[in-house]
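Between the sequences and the hints, there should be enough to build the whole structure, so can you do that?
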Amino acid sequence: MDVDESLLLVSEPATGVAMITLNRPESLNALTWPLIDELRRVLSEVHRQHDVRVVVLTGAGRAFCAGSDVGGARGRSDVDIPTRFEAQRRTSGLALAVRQLRQPVIAAINGPAVGAGLGLALATDVRIAGESGSFRDGAIRMGLSACEGGISWSLPRLVGTSNALELMLTNRLVSAGEAERRGIVSAVHPDDELLPAAIDMAAQIAGFSPFGLEATKEAFWANQNCGFGEAVDRENRTQILAVNTADSREAMSAFLEHRKPVFEGR
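Quick note on the numbering used here: the sequence shown kicks off at 828 and runs consecutively.
It cannot be assumed that every hint is accurate.
Unchecked claim - Simulated DEER-style distance windows between Cβ atoms:
#1 Gly1056 - Ala1014: 43 to 49 Å
#2 Thr988 - Arg1064: 29 to 35 Å
#3 Glu853 - Asp1018: 15 to 21 Å
#4 Pro861 - Glu1084: 48 to 54 Å
#5 Thr997 - Gln876: 37 to 43 Å
#6 Glu839 - Ala1069: 22 to 28 Å
#7 Ala1069 - Cys974: 34 to 40 Å
Simulated from the structure, these hints should not be mistaken for lab results. As the structure is a computational prediction, the values presented were derived from the model and not from experiment. Virtual Cβ for every residue (Gly too), placed ideally from N, Cα, C.
So, in structure tokens, the structure goes:
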């Protein structure tokens, strides 16, 4: 994959795993227009690569992502509202692109995840943090709404309505330890063990069938916005489709034969 390495690094640390690293460490990986566009392009390409089963998203240096560094059309008073709105959508579209990626995404959060960086982290499917990890909304101190990049949707589902509003309205910094206690991240590791832990988790997940992984992510997120009966109906349809895949038959044969299954994505 051709990548602008002044903005992103893309590697394959394990079979079926793509690791995407925001690579502006001197700016704490703050999002610029070139970085936003390059990350969206790479996510689109990864989405089409069926040999990639899991994605790890992290930041180079001492930060995950310290927010936006875009200025321009979003912040200038002389720009008309349609142009400003398009710039806003261009930034917040990153979180949507991550959520819509067919592969599960694990965020390895090293250092601060602030503003748009927090929205990006919360859009991933699984989050783990290093001990230096921290979380802050950030927008309200700039006279902006703290509701941005999907944060107002994601955060209440993790910590509850009152807790989410407290964090958003006070702009309080949340440490990695508190984030784990509140369910924002599932685990905290020493900083030098964070990436190995993320890669190990990704490799374990990548060992399952591509259809099973994709169907689980799609049904899980769709079922967050429907009634119980509709959720069960969607699960039933998904399972019927899964049972008819070659990978499902291979998994059943491997279980009966006491061997490791070999999945081919069929």
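Okay, the hints, checked on the actual structure:
no. : hint                          : in the structure
1   : Gly1056 - Ala1014: 43 to 49 Å : violated, 34 Å
2   : Thr988 - Arg1064: 29 to 35 Å  : holds, 32 Å
3   : Glu853 - Asp1018: 15 to 21 Å  : holds, 19 Å
4   : Pro861 - Glu1084: 48 to 54 Å  : holds, 51 Å
5   : Thr997 - Gln876: 37 to 43 Å   : holds, 41 Å
6   : Glu839 - Ala1069: 22 to 28 Å  : holds, 26 Å
7   : Ala1069 - Cys974: 34 to 40 Å  : holds, 37 Å
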